[in-house]
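Residue numbers (this note's numbering), protein chains in the order written: chain A, 56 to 532; chain B, 56 to 532; chain C, 56 to 532; chain D, 56 to 532.
No wet-lab data here; the hints were simulated from the structure. Here a beta-carbon is modelled for each residue, glycine too, at the ideal position from N, C-alpha and C. One should not assume that every hint holds.
Claimed, not checked - Pair ranges (Cβ atoms, derived):
hint: 1; chain 1: A; residue 1: K206; chain 2: D; residue 2: E211; range: 33 to 39 Å
hint: 2; chain 1: B; residue 1: G363; chain 2: A; residue 2: T176; range: 55 to 61 Å
hint: 3; chain 1: B; residue 1: G363; chain 2: A; residue 2: H374; range: 29 to 35 Å
Number of protein chains: 4
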Amino acid sequence: MNGFKDECGVMGVLGDNEASHLVYLGLYALQHRGQEACGIVTVDDDKQGKVLRSHKQFGLVSDGFNKDILSRLTGRLGVGHVRYSTTGGNLVQNIQPIVYQSSENGSIVLAHNGNLTNAETIRKELEASGSIFTSTSDTEVISHLIAKSKKATVKEKLISALQQVKGGYSLVVAAEETLYAVRDPYGLRPLVLGKKGNAWIVASESCALDLIDARFVREIKPGEFLILKEGQEEASEFPFEKKPEAFCSFEPIYFSRPDSTQNGSAVYIQRKRMGEILAKEYPTQADVVVAIPDSGVPMAIGYSQATGIPLELGLIRNHYVGRTFIEPSQAIRDFGVKLKLNAIEGVLKGKRVVVIDDSIVRGTTSTKIVRMLREAGAKEIHFRVGSPPITHSCFYGVDTPDRKKLLAAQITVDKIRDLLGADSLGYLSNAGLKEALSDKSQGYCMACFTGNYPEDICAPISKQPTDADGPGYFASK
Amino acid sequence: MNGFKDECGVMGVLGDNEASHLVYLGLYALQHRGQEACGIVTVDDDKQGKVLRSHKQFGLVSDGFNKDILSRLTGRLGVGHVRYSTTGGNLVQNIQPIVYQSSENGSIVLAHNGNLTNAETIRKELEASGSIFTSTSDTEVISHLIAKSKKATVKEKLISALQQVKGGYSLVVAAEETLYAVRDPYGLRPLVLGKKGNAWIVASESCALDLIDARFVREIKPGEFLILKEGQEEASEFPFEKKPEAFCSFEPIYFSRPDSTQNGSAVYIQRKRMGEILAKEYPTQADVVVAIPDSGVPMAIGYSQATGIPLELGLIRNHYVGRTFIEPSQAIRDFGVKLKLNAIEGVLKGKRVVVIDDSIVRGTTSTKIVRMLREAGAKEIHFRVGSPPITHSCFYGVDTPDRKKLLAAQITVDKIRDLLGADSLGYLSNAGLKEALSDKSQGYCMACFTGNYPEDICAPISKQPTDADGPGYFASK
Amino acid sequence: MNGFKDECGVMGVLGDNEASHLVYLGLYALQHRGQEACGIVTVDDDKQGKVLRSHKQFGLVSDGFNKDILSRLTGRLGVGHVRYSTTGGNLVQNIQPIVYQSSENGSIVLAHNGNLTNAETIRKELEASGSIFTSTSDTEVISHLIAKSKKATVKEKLISALQQVKGGYSLVVAAEETLYAVRDPYGLRPLVLGKKGNAWIVASESCALDLIDARFVREIKPGEFLILKEGQEEASEFPFEKKPEAFCSFEPIYFSRPDSTQNGSAVYIQRKRMGEILAKEYPTQADVVVAIPDSGVPMAIGYSQATGIPLELGLIRNHYVGRTFIEPSQAIRDFGVKLKLNAIEGVLKGKRVVVIDDSIVRGTTSTKIVRMLREAGAKEIHFRVGSPPITHSCFYGVDTPDRKKLLAAQITVDKIRDLLGADSLGYLSNAGLKEALSDKSQGYCMACFTGNYPEDICAPISKQPTDADGPGYFASK
Amino acid sequence: MNGFKDECGVMGVLGDNEASHLVYLGLYALQHRGQEACGIVTVDDDKQGKVLRSHKQFGLVSDGFNKDILSRLTGRLGVGHVRYSTTGGNLVQNIQPIVYQSSENGSIVLAHNGNLTNAETIRKELEASGSIFTSTSDTEVISHLIAKSKKATVKEKLISALQQVKGGYSLVVAAEETLYAVRDPYGLRPLVLGKKGNAWIVASESCALDLIDARFVREIKPGEFLILKEGQEEASEFPFEKKPEAFCSFEPIYFSRPDSTQNGSAVYIQRKRMGEILAKEYPTQADVVVAIPDSGVPMAIGYSQATGIPLELGLIRNHYVGRTFIEPSQAIRDFGVKLKLNAIEGVLKGKRVVVIDDSIVRGTTSTKIVRMLREAGAKEIHFRVGSPPITHSCFYGVDTPDRKKLLAAQITVDKIRDLLGADSLGYLSNAGLKEALSDKSQGYCMACFTGNYPEDICAPISKQPTDADGPGYFASK
């Protein structure tokens with residue numbers, strides 16, 4: 056329902072004869088991070104040396120992979136990827152992991168979550184020197200930089216390549232017998248380390264470890280370059296210039312699964328705390344608290360517990376939402392939202408309702424939901440948002456609309472309330488979000504709320520930051 | 056997750072040029088009632104008379120139907136069906152609506168939710184007189200009885216046929232220009248009437264009306280034979296012997312969508328009330344209430360509100376559960392449950408946990424969930440079930456295991472608690488369920504809990520009823 | 056290329072553990088008899104008795120069947136069918152073999168090539184007595200007649216059923232442990248008996264025996280009811296009223312594969328003889344003989360050898376003709392023909408050309424081919440047809456156009472020549488055809504050339520027979 | 056049936072709004088040149104500049120392309136390709152046309168038939184300088200050389216790139232508004248120029264022009280670099296060092312369609328002449344001449360006309376041969392050949408048979424065919440081959456087995472006759488082949504028969520040429 060889209064989830068396994076099966080299950084647990092395409096590449100040994108096995112497809116992990124495919128993906132080293140395809144479009148060559156083979160370096164397999172902010176510049180330089188690009192993915196730039204490196208070893212080449220790129224990346228690389236796991240110096244995107252028996256596991260979120268009975272070892276650190284080999288302890292280096300921590304705050308707000316652990320705490324707990332603080336910032340006289348499923352639910356629980364207003368399921372989600380729907384020519388009101396949600400009159404009729412959403416991006420869905428609640432009989436509608444107003448686009452791997460389409464970048468909270476048709480509207484303050492995320496909250500990137508990007512952005516964007524720590528955002532009639 | 060499976064959902068539309076589109080959307084809203092196959096048949100007028108258009112497929116509505124298919128399904132009269140396939144297996148000829156064409160009666164289209172208890176007997180008689188059956192569906196028996204009837208009109212033939220069958224049926228029939236909607240005399244399965252503009256709509260549940268912006272008119276009555284024609288008021292007849300109302304109590308417990316209205320109340324409200332009464336029957340000293348998603352959630356909200364013990368999301372559901380999964384040869388503990396649920400340690404660790412499920416059928420899943428909660432650190436686990444112990448099989452359209460596999464038919468509540476590994480176990484009492492369902496609760500079939508079947512069952516089953524109104528079912532260490 | 060379409064090929068195997076594999080290969084050899092759909096049903100023994108295994112699909116045998124499917128089709132008794140779908144349309148329920156299961160008679164599997172001329176009448180009677188039909192196939196009538204029969208055994212029921220039907224049928228039936236093979240009393244459609252080791256094989260044409268290394272035993276006789284059991288000699292009965300032999304003359308002219316043996320002779324030999332006699336009836340002064348591939352080739356060889364005019368490949372066939380083609384909006388002249396054939400200028404330029412086709416149905420393709428030859432530079436075009444003018448529709452299993460669309464039923468040979476744009480046009484005479492087919496030629500049905508149908512036809516058709524033994528049909532400028 | 060496989064067909068269209076439709080039909084006519092994969096890329100103008108539209112797939116043109124796909128492939132410039140995949144395997148990234156996009160050069164689309172003999176060497180050099188390859192296709196080398204070129208224009212870059220490669224190529228390139236068509240200096244592979252209205256057409260064979268009603272302009276010359284622009288005359292350059300003509304002699308022997316024009320003559324005529332000369336070189340006392348379809352048929356016609364021995368169809372081809380077949384575990388003799396061919400006893404029994412094939416590569420199929428003829432009763436079998444013994448592998452785009460598997464490279468003609476089980480065996484002599492191909496016959500590459508490769512081959516092969524103009528190759532008992 057959210058206008059923000061995460062782009063990817065990554066998974067790597069080293070040291071298990073069924074590496075492809077474990078990667079497959081990990082991707083299945085990470086499916087919420089990208090539903091448009093997925094791929095697994097394994098590295099196996101053959102008489103003639105390393106052999107790559109690969110399966111890539113559009114669609115969900117559970118739709119395409121089968122026993123035969125997984126059995127063909129032999130080898131003890133595997134890397135996987137789920138992606139939400141961005142503007143590059145549905146090109147099959149954009150499906151990751153990407154592979155690059157050369158006589159000198161052998162095969163190199165890369166899976167990447169994030170976005171490189173200087174990819175375009177590097178790509179133009181490489182093209183000018185005669186390099187050819189076959190995908191529109193920024194990940195391919197890394198392959199070229201490795202190929203161009205004059206360093207002696209693959210490890211050094213990979214470090215050298217990453218020293219040249221800017222932006223956000225959680226990267227899993229398989230080369231020779233080694234699994235590399237790297238987070239950019241800001242730690243913009245998540246990446247965790249696990250162990251299953253003697254096998255090394257790397258995944259975007261800890262929920263992927265849970266499914267395969269792997270032990271959660273720790274989160275990989277910002278700027279960490281981790282070298283994993285079979286039968287050895289992990290070797291950790293920090294080859295990049297140190298930067299302030301800036302973990303994406305939208306991961307706990309919306310992207311990550313509530314059962315994943317981030318920054319030492321379950322995402323569910325963080326999300327619930329957002330609701331609790333929101334309740335303190337904008338308490339309301341109301342009869343029921345209703346969540347917009349699914350990420351609004353933990354926030355609604357927090358809001359309900361903090362205020363004592365009972366939580367009810369006033370909006371029911373259809374669990375069988377597919378990809379495409381045929382609308383009759385006779386328009387059905389709020390068709391898109393209705394496919395996913397239905398309001399229960401028995402819960403809402405004549406009630407003063409607090410409705411909790413995780414964020415407002417464009418505002419179109421929120422407007423429809425308010426109308427749906429109103430038609431179900433809600434007497435008052437107090438809209439509460441578990442995160443601050445989104446005023447700036449993301450350049451680090453989250454697919455956001457143009458600033459022009461970010462509602463809060465265009466109109467005031469008063470106007471937004473009018474547009475939604477709510478009786479009051481309250482956003483969590485930036486300070487409230489920080490508090491909810493923990494005392495380590497300076498460590499988060501909150502650029503989409505503040506415009507304070509962790510590094511200089513190449514793209515021509517408005518850099519005027521909003522007041523990051525000012526009072527909250529509230530409007531009532 | 057539940058061992059009970061509903062068999063079908065039905066949908067009918069008369070009087071709209073886009074009847075097939077409305078049926079399609081209705082089936083999409085009813086998808087939870089059957090995911091293995093679906094079909095739509097429309098009746099159109101042609102120069103040569105009535106022409107049937109049909110599309111049937113295995114899989115979800117959203118997977119197969121597309122704009123082209125719906126456009127080919129022309130006509131102002133349409134009938135649709137979603138099914139969960141039973142023992143008859145995945146036969147394409149079992150996909151409904153079933154169609155029967157004859158020069159005498161024209162085309163007759165039938166969609167059926169329920170089960171006919173004397174279908175086998177009738178079938179044998181019909182075969183003995185030379186009739187041929189092409190499916191294993193009991194619905195085909197109705198077609199044959201219509202064909203054999205010596206009555207003058209299709210309406211009379213249909214009534215005559217239904218007078219010969221026993222069991223549960225909510226039936227939608229399209230014949231000539233008429234849409235018939237019939238519920239068996241006990242009203243075992245749901246069926247509602249709606250109107251969209253001038254078009255008549257019939258559906259298994261009211262949530263199908265909501266999606267297409269149709270107005271909910273009323274529930275069709277047990278034993279009612281409803282004749283719907285374009286431009287006319289509905290004509291209602293009661294051609295069957297009157298029977299006591301016996302609406303399936305498992306519809307509000309588990310099958311129906313919480314946003315559907317049944318017996319004058321939202322299913323969500325009924326389900327929440329089960330949780331509230333369960334709290335009164337078995338209050339507990341505990342720190343958190345946790346639901347087993349999804350049907351356990353309303354019950355958990357009720358339990359939490361009645362006891363004041365805070366509700367938390369301690370079990371997170373994966374929204375991308377597909378049909379088949381490949382398990383590695385290295386067994387993963389509780390693999391099947393893990394694919395669907397993950398426990399949050401931060402919520403459960405060191406806590407006394409009340410966990411709420413809608414029912415226990417075989418007990419296998421419940422056992423795995425208790426273990427999962429225990430491993431996440433729960434100190435005490437108090438298992439509460441929002442319905443009474445299931446001790447008898449259903450013969451009216453719900454796919455239940457053999458009695459031998461019904462846990463509560465085999466061992467005592469004490470033993471079940473031991474098996475689950477819970478610290479205490481409490482089931483809602485039969486009286487509690489009645490109370491939750493409303494004062495009209497004699498109107499429900501509770502045979503799966505009591506063995507008091509609404510009619511004589513042909514099958515050789517244990518008829519010894521359990522004590523229907525005795526004290527509740529509770530066991531603690 | 057031909058406007059006539061055969062409807063089916065049938066195959067049966069009894070007594071081989073890989074019956075499904077042999078049926079599959081047989082259907083593959085019979086693929087020319089029907090390309091729209093195919094199916095195999097096997098009968099296996101299970102603890103619970105006979106179990107049917109079935110696979111049916113649209114498309115070619117080689118497109119859908121695979122190792123997995125064939126392995127699932129267990130059993131020593133199997134029946135298969137390829138069909139060209141007629142006006143009934145592409146209904147999945149029309150794909151044969153058809154199956155009918157009853158407690159009394161067990162499972163009965165039928166595969167049928169032919170057409171029952173009184174099927175409509177019987178169907179109406181059966182419907183009046185309450186029978187339900189689920190396909191539009193005339194074969195289903197046989198199932199119903201079996202079911203209705205009061206005889207004691209399946210064999211007697213089957214005989215009784217077939218005694219009631221009229222028209223053409225080569226029928227393969229599997230029931231209990233027995234394989235039945237029956238030809239209608241006229242012997243309208245082909246059916247041969249073979250043996251592979253101890254296994255019985257029945258097939259529409261002998262080419263199916265060749266592929267699987269089976270021995271050709273003999274052609275099954277008109278009116279023969281053959282009972283095949285494992286480990287026993289074949290038992291033959293003639294339970295039908297004796298009729299004059301009337302084997303379809305279009306089988307040797309067009310339908311059958313040239314390598315099949317019919318009436319004691321290879322079809323290629325018969326076809327070549329048609330060309331030789333045609334040469335005697337209409338010798339021509341010409342430079343080259345050119346065939347319209349493929350069935351025209353043997354006739355052209357015969358014509359060339361009889362006249363001494365050299366045979367050349369002047370029309371080349373594209374071997375990759377698929378089912379559908381997208382024509383650009385800019386029309387391409389004679390698009391349909393060009394997809395299949397191309398003329399070679401180097402062979403045709405400045406030459407007097409004899410072009411040989413097997414038959415002319417509507418004349419559209421022939422006209423385009425003449426134009427194509429003309430454009431490639433042919434100076435004179437002498438069109439010769441290896442069969443007489445088609446003036447009547449078939450009612451015995453060949454899909455023919457309406458009489459109104461049969462060119463020779465509408466205009467004279469003179470006019471046809473003008474329409475084609477040929478310099479002369481000669482059809483084989485009826486007597487010539489008889490001579491070509493052998494001295495046993497009274498045994499052939501030549502109704503499409505003469506109107507002398509072997510039995511009374513129910514359909515309202517012109518019964519005015521054309522002069523069956525008159526002089527040939529020739530026109531020149 | 057032949058052990059030689061051509062690798063590709065190419066097609067280009069410039070100046071027609073339905074360019075994609077014309078390319079599609081052209082590929083359909085060229086399908087015999089490659090059946091494993093096909094692709095079309097069109098160049099369209101958009102507000103933002105040139106936009107590429109692309110569809111690639113495994114399988115036949117007629118299986119995948121449809122109206123929707125072709126309609127999406129907008130633009131007046133289109134390039135297409137059919138391929139038989141070589142050792143690189145079934146990689147989707149190997150499907151042509153290949154595309155390379157850069158800011159500097161815009162989009163460049165290449166389709167290539169042939170093989171570059173120095174591709175591996177260049178690839179290693181490029182990789183050493185940091186280039187990345189994503190396919191195993193040698194065509195990608197050309198893309199890289201264009202990208203690396205320092206020349207000013209795309210045309211100059213393309214010429215510069217091609218000046219660095221060796222081997223055989225017929226290349227179609229779309230860049231900016233221009234269609235380039237280039238043949239290597241030896242003219243190893245075919246390429247023809249056509250015109251349809253004002254649109255330019257380029258295709259591997261003239262049969263592609265015939266299908267779309269295009270006019271055959273001329274064959275493109277060896278070493279010719281042709282620049283085609285809308286509304287302009289063609290511009291022709293010869294930028295490469297001049298080499299002796301060496302057109303692949305296997306094109307007229309086997310690859311090309313008989314209705315295509317090459318070297319000024321229909322391939323059918325050339326093929327027939329091979330049969331005539333073969334008859335002169337090895338006349339035989341026999342009763343019938345029988346061809347191995349399809350390329351043997353014109354040779355058999357030539358042989359029959361030259362000797363007066365009548366031609367008969369003794370081997371019938373199954374027209375529905377698919378890609379995969381399931382053989383029962385009970386082996387069927389000569390299964391692979393039987394799927395494709397069946398012998399007619401009525402033609403062969405007791406006869407002295409001359410059987411004509413176009414070539415013998417490994418000899419396995421020929422051996423099976425001789426056995427099949429013998430089993431059908433042939434008294435004597437005189438095997439005649441329309442081309443000389445194949446003793447050397449091809450390095451110019453024809454997929455040939457290892458020399459070790461080339462029968463005639465290993466054993467003498469005597470031994471081959473014994474192996475086949477024929478009574479005599481005669482191959483066309485090298486001189487005979489030259490004569491058949493026309494007086495321009497020095498212009499042909501006959502390296503597979505002689506070892507005289509047109510240029511130095513990098514691969515370590517036996518260079519000892521066989522006696523190119525010696526006496527013929529004959530063996531009899």
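>> Between the beta carbons of B/G363 and A/T176, is the distance compatible with 55 to 61 Å?
In response: holds (60 Å)
> How does the Cβ-Cβ distance of A/K206 and D/E211 compare with 33 to 39 Å: does it lie in that range?
Replying inline: Given a distance of about 35 Å, which is inside 33 to 39 Å, the answer is holds.
>> Taking the Cβ atom of B/G363 and the Cβ atom of A/H374, is their distance within the range 29 to 35 Å?
In response: Given range 29 to 35 Å: holds, Cβ gap about 30 Å.
The structure fails none of the hints (numbered hints given earlier).
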